Amino acid sequence: VGQAPFQSERFYEHTPPGVVTGLAWTAMGGSTLYVECAKIESSPGKGNLKVTGSLGDVMRESSQIAFTFARTLLEKKEPENTFFADASVHLHVPHGGTPKDGPSAGCTMITAMLSLAREKPIKANLAMTGEVTLTGRVLPIGGVKEKTMAARRSGIKELVFPKGNQKDYEELAEEIKEGLTVHFVESYEEIYDVAFEKK
Amino acid sequence: VGQAPFQSERFYEHTPPGVVTGLAWTAMGGSTLYVECAKIESSPGKGNLKVTGSLGDVMRESSQIAFTFARTLLEKKEPENTFFADASVHLHVPHGGTPKDGPSAGCTMITAMLSLAREKPIKANLAMTGEVTLTGRVLPIGGVKEKTMAARRSGIKELVFPKGNQKDYEELAEEIKEGLTVHFVESYEEIYDVAFEKK
Amino acid sequence: VGQAPFQSERFYEHTPPGVVTGLAWTAMGGSTLYVECAKIESSPGKGNLKVTGSLGDVMRESSQIAFTFARTLLEKKEPENTFFADASVHLHVPHGGTPKDGPSAGCTMITAMLSLAREKPIKANLAMTGEVTLTGRVLPIGGVKEKTMAARRSGIKELVFPKGNQKDYEELAEEIKEGLTVHFVESYEEIYDVAFEKK
Chain V
746 VGQAPFQSER
756 FYEHTPPGVV
766 TGLAWTAMGG
776 STLYVECAKI
786 ESSPGKGNLK
796 VTGSLGDVMR
806 ESSQIAFTFA
816 RTLLEKKEPE
826 NTFFADASVH
836 LHVPHGGTPK
846 DGPSAGCTMI
856 TAMLSLAREK
866 PIKANLAMTG
876 EVTLTGRVLP
886 IGGVKEKTMA
896 ARRSGIKELV
906 FPKGNQKDYE
916 ELAEEIKEGL
926 TVHFVESYEE
936 IYDVAFEKK
Chain Y
746 VGQAPFQSER
756 FYEHTPPGVV
766 TGLAWTAMGG
776 STLYVECAKI
786 ESSPGKGNLK
796 VTGSLGDVMR
806 ESSQIAFTFA
816 RTLLEKKEPE
826 NTFFADASVH
836 LHVPHGGTPK
846 DGPSAGCTMI
856 TAMLSLAREK
866 PIKANLAMTG
876 EVTLTGRVLP
886 IGGVKEKTMA
896 ARRSGIKELV
906 FPKGNQKDYE
916 ELAEEIKEGL
926 TVHFVESYEE
936 IYDVAFEKK
Chain H
746 VGQAPFQSER
756 FYEHTPPGVV
766 TGLAWTAMGG
776 STLYVECAKI
786 ESSPGKGNLK
796 VTGSLGDVMR
806 ESSQIAFTFA
816 RTLLEKKEPE
826 NTFFADASVH
836 LHVPHGGTPK
846 DGPSAGCTMI
856 TAMLSLAREK
866 PIKANLAMTG
876 EVTLTGRVLP
886 IGGVKEKTMA
896 ARRSGIKELV
906 FPKGNQKDYE
916 ELAEEIKEGL
926 TVHFVESYEE
936 IYDVAFEKK
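Each protein sequence line maps, in turn, to chains V, Y and H.
Per my numbering, residue 746 is the first one in the first sequence, and the count goes up by one each step.
Per my numbering, residue 746 is the first one in the second sequence, and the count goes up by one each step.
Per my numbering, residue 746 is the first one in the third sequence, and the count goes up by one each step.
Simulated from the structure, these hints should not be mistaken for lab results.
Nothing here was measured: the structure is a model prediction, and the numbers come from that model.
Just so you know, not all the hints are guaranteed correct.
Derived CB-CB ranges, DEER-like [said to hold, decoys possible]:
| # | chain 1 | residue 1 | chain 2 | residue 2 | range |
| --- | --- | --- | --- | --- | --- |
| 1 | V | Lys791 | H | Arg755 | 39 to 45 Å |
| 2 | Y | Glu758 | V | Glu825 | 31 to 37 Å |
| 3 | H | Glu919 | V | Ala869 | 39 to 45 Å |
| 4 | Y | Lys821 | V | Ser788 | 34 to 40 Å |
| 5 | V | Glu758 | H | Lys784 | 34 to 40 Å |
| 6 | V | Lys822 | Y | Glu923 | 43 to 49 Å |
| 7 | V | Ser833 | Y | Glu916 | 55 to 61 Å |
| 8 | H | Ile921 | V | Glu825 | 56 to 62 Å |
| 9 | H | Glu919 | V | Ser788 | 53 to 59 Å |
Dumping the calculated DSSO-like pairs for lysine-lysine here, alpha-carbon to alpha-carbon at most 30 Å [as the list claims (entries may be wrong)]:
| # | chain 1 | residue 1 | chain 2 | residue 2 |
| --- | --- | --- | --- | --- |
| 10 | Y | Lys795 | V | Lys784 |
| 11 | H | Lys795 | V | Lys795 |
| 12 | V | Lys865 | Y | Lys784 |
| 13 | Y | Lys795 | V | Lys795 |
| 14 | V | Lys908 | Y | Lys795 |
| 15 | V | Lys821 | Y | Lys868 |
| 16 | V | Lys795 | H | Lys822 |
| 17 | Y | Lys791 | V | Lys791 |
| 18 | V | Lys868 | H | Lys822 |
| 19 | H | Lys908 | V | Lys865 |
| 20 | Y | Lys868 | V | Lys908 |
| 21 | V | Lys791 | H | Lys791 |
| 22 | V | Lys845 | Y | Lys784 |
| 23 | H | Lys821 | V | Lys868 |
| 24 | H | Lys795 | Y | Lys795 |
| 25 | H | Lys791 | Y | Lys791 |
| 26 | V | Lys822 | Y | Lys868 |
| 27 | Y | Lys784 | V | Lys908 |
| 28 | Y | Lys791 | V | Lys821 |
| 29 | H | Lys845 | V | Lys845 |
For every residue, glycine included, the Cβ atom is placed at its ideal position computed from N, Cα and C.
Model the full structure from these sequences, guided by the hints.
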């Protein structure tokens with residue numbers, strides 16, 4: 746009661762491998778959220794995914810799409826890395842007591858999984874939002890204004906938005922956008938290059 | 746709220762292997778949709794299907810029918826191809842947050858599965874709709890007018906409709922049909938020949 | 746009717762290995778609770794978790810998060826200890842007939858699991874509360890006043906609260922806080938050091 750559906754407190758100074766900052770919004774406003782991934786165990790051919798965080802049906806499906814896509818992409822980027830074939834992965838979205846749903850954390854989930862698989866943290870002060878299809882197309886999301894304001898409040902400096910939201914972003918007041926770098930993307934691989942700073 | 750149940754934005758210029766354009770309609774009008782298939786992994790005798798995309802019960806059953814039929818047909822067309830016996834296939838229908846149901850994406854699902862199994866994209870600018878039975882008979886669907894208009898809006902040039910809908914189509918105004926090539930089919934194998942351009 | 750949702754009767758003089766005192770609160774007030782863990786059996790690679798105690802969905806997910814995190818931390822603290830890889834663990838929260846929910850027993854569950862795995866009781870007269878994320882960040886909880894009063898009533902001398910609740914605690918009346926030692930923590934490893942008295 747009286748609590749924002751997504752609390753926006755920043756509790757990672759720098760996100761470790763397996764953790765990525767996303768952006769959420771509800772009728773209550775926008776907020777940042779974290780997607781956390783951890784490896785439970787690893788055994789040849791036993792790759793699987795467990796999710797927690799009071800996720801609704803659409804967000805659970807989104808995590809399955811992310812798991813399939815992350816695996817496909819890692820096979821392409823690092824063919825020798827068998828992480829997803831073998832690992833039992835646990836994905837959690839704090840706060841555990843806050844119900845969450847929707848497809849827009851898709852890109853955040855993929856990135857958290859890849860960060861865990863590659864044992865590499867992503868670029869600091871970067872947050873992202875976007876639905877991702879099974880082949881890696883990035884689809885537009887809602888709440889561009891609320892998400893941008895939430896990112897600013899949390900000290901985020903760089904954002905990833907779907908290309909389909911570029912017009913929404915450009916229409917925002919200048920003071921909301923000031924000091925932010927935004928990448929508008931159509932395919933997940935563009936996010937990969939930003940997050941892991943491929944030059 | 747205020748959003749069409751199926752968004753019709755075209756986000757593939759050319760659909761890659763595993764992706765096929767379908768046609769949907771609701772009380773809100775018609776739209777194109779994509780059926781996307783990806784291989785999660787492959788292990789002898791471990792063929793199975795996972796589906797996402799907020800699909801209702803009828804559409805989930807439709808995906809199972811498609812999986813059985815696609816496997817049967819591939820055994821006939823390419824006896825040496827053991828894809829469906831071995832592959833863990835993930836089928837998704839964007840947008841993930843939009844509930845979908847009904848049997849009319851049956852032919853689209855079969856074609857997407859076969860395109861993935863054969864590693865071949867289908868003919869460009871082709872869309873299809875039709876319920877398919879377990880033996881490959883193609884049954885008529887609803888919304889011929891709305892689906893035809895949605896196809897035009899998305900730049901589709903060639904359509905597959907069930908033979909049982911030919912009369913509905915012929916009754917449409919000429920300006921709706923102008924420039925479109927339509928195949929009316931009774932059995933799935935006719936779709937196969939169109940999609941994979943067998944001469 | 747007329748029964749407190751969490752009964753605060755203290756029925757352990759000293760908690761044995763696998764048992765840790767937590768703190769709960771509801772509209773009816775605060776109370777202590779026990780998280781009890783026992784090993785059902787052990788078989789290489791068969792590690793799993795069973796939970797009882799009328800736990801709601803959020804508290805069940807919280808137990809899964811605790812199981813993943815406890816395993817990860819034990820691998821770091823005692824690499825040779827394969828308890829979680831092998832053990833079938835049963836976690837119970839008395840009283841069995843009282844419905845319970847919420848994420849704030851997360852740190853209590855982790856500590857009970859680690860106490861069982863290490864076969865070591867935790868420090869006497871210590872109670873704790875706090876949501877824990879998959880990477881071990883400790884998030885603030887509700888009911889600081891009610892939980893503090895319940896701890897006093899049960900003879901608890903030392904408390905663990907999330908750092909994010911330090912301000913709430915400092916605002917309490919002096920007579921409520923008198924004689925209590927409180928640790929405010931940001932990461933679970935700080936709790937580990939307190940509970941197992943690392944000097």
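Hints, verified against the model:
At roughly 43 Å, the beta-carbon separation of lysine 791(V) and arginine 755(H) lies within the given 39 to 45 Å, and the hint holds. Between glutamate 758(Y) and glutamate 825(V) the beta carbons are some 32 Å apart, a value that agrees with the proposed interval 31 to 37 Å. In this structure, glutamate 919(H) and alanine 869(V) meet the distance hint of 39 to 45 Å, their C-beta atoms being roughly 42 Å apart. Checked against the hint of 34 to 40 Å, the C-beta distance between lysine 821(Y) and serine 788(V) comes to roughly 38 Å, which is consistent with it.
Distance hint check: the CB atoms of glutamate 758(V) and lysine 784(H) are about 37 Å apart, consistent with the given range 34 to 40 Å. The supplied range of 43 to 49 Å is met by lysine 822(V) and glutamate 923(Y), whose beta-carbon atoms lie about 46 Å from each other. Between serine 833(V) and glutamate 916(Y) the beta carbons are some 57 Å apart, a value that agrees with the proposed interval 55 to 61 Å. A C-beta distance of roughly 59 Å is found between isoleucine 921(H) and glutamate 825(V), which places it inside the suggested range of 56 to 62 Å.
Between glutamate 919(H) and serine 788(V) the beta carbon distance is about 55 Å. The supplied range of 53 to 59 Å therefore holds. For the hint pairing lysine 795(Y) with lysine 784(V), the CA-to-CA distance comes to about 23 Å; that is within 30 Å, so the pair holds. For the suggested pair lysine 795(H) and lysine 795(V), the alpha carbons sit about 15 Å apart, so the restraint of at most 30 Å is met. With a CA separation close to 26 Å, the supplied pair lysine 865(V) and lysine 784(Y) stays within the 30 Å bound.
Simply put, lysine 795(Y) and lysine 795(V) have alpha-carbon atoms about 15 Å apart, close enough for the 30 Å limit, and the pair holds. At roughly 29 Å between alpha-carbon atoms, lysine 908(V) and lysine 795(Y) fall within 30 Å of each other, so this suggested pair holds. Proposed proximity of lysine 821(V) and lysine 868(Y) is supported: the alpha carbons are some 26 Å apart, at most 30 Å. A hinted pair counts as satisfied when its Cα atoms are at most 30 Å apart, and lysine 795(V) with lysine 822(H) qualifies at roughly 24 Å.
Restraint check for lysine 791(Y) and lysine 791(V): the C-alpha separation of about 13 Å stays at or below 30 Å, so the hint holds. For the proposed pair lysine 868(V) and lysine 822(H), the alpha carbon gap of about 29 Å is at most 30 Å, so the pair holds. Restraint check for lysine 908(H) and lysine 865(V): satisfied, since their Cα atoms lie roughly 28 Å apart, inside the 30 Å limit. Between lysine 868(Y) and lysine 908(V), the direct Cα distance comes to roughly 27 Å. Compliance with the 30 Å bound is thereby established for this hinted pair.
Between lysine 791(V) and lysine 791(H) the CA atoms are separated by roughly 13 Å; this keeps the pair inside 30 Å, and the hint holds. For the given pair, lysine 845(V) sits about 28 Å from lysine 784(Y) by alpha-carbon distance, which is consistent with the 30 Å threshold. With a C-alpha separation of about 26 Å, the suggested pair lysine 821(H) and lysine 868(V) falls inside the 30 Å cut-off, and the hint holds. Only pairs whose Cα atoms come within 30 Å are accepted, and lysine 795(H) paired with lysine 795(Y) is accepted, the gap being roughly 27 Å.
At most 30 Å may separate the alpha-carbon atoms for a hinted pair to count; lysine 791(H) and lysine 791(Y) meet this at roughly 23 Å. Distance check on the hinted pair: lysine 822(V) and lysine 868(Y) sit about 29 Å apart at the alpha-carbon level, within 30 Å; holds. At most 30 Å may separate the alpha-carbon atoms for a hinted pair to count; lysine 784(Y) and lysine 908(V) meet this at roughly 27 Å. Among the hinted pairs, lysine 791(Y) with lysine 821(V) is consistent with the structure: their alpha-carbon atoms are about 23 Å apart, no more than 30 Å.
At roughly 21 Å between alpha-carbon atoms, lysine 845(H) and lysine 845(V) fall within 30 Å of each other, so this suggested pair holds.
When held up to the earlier numbered hints, the structure conflicts with none and fits them all.
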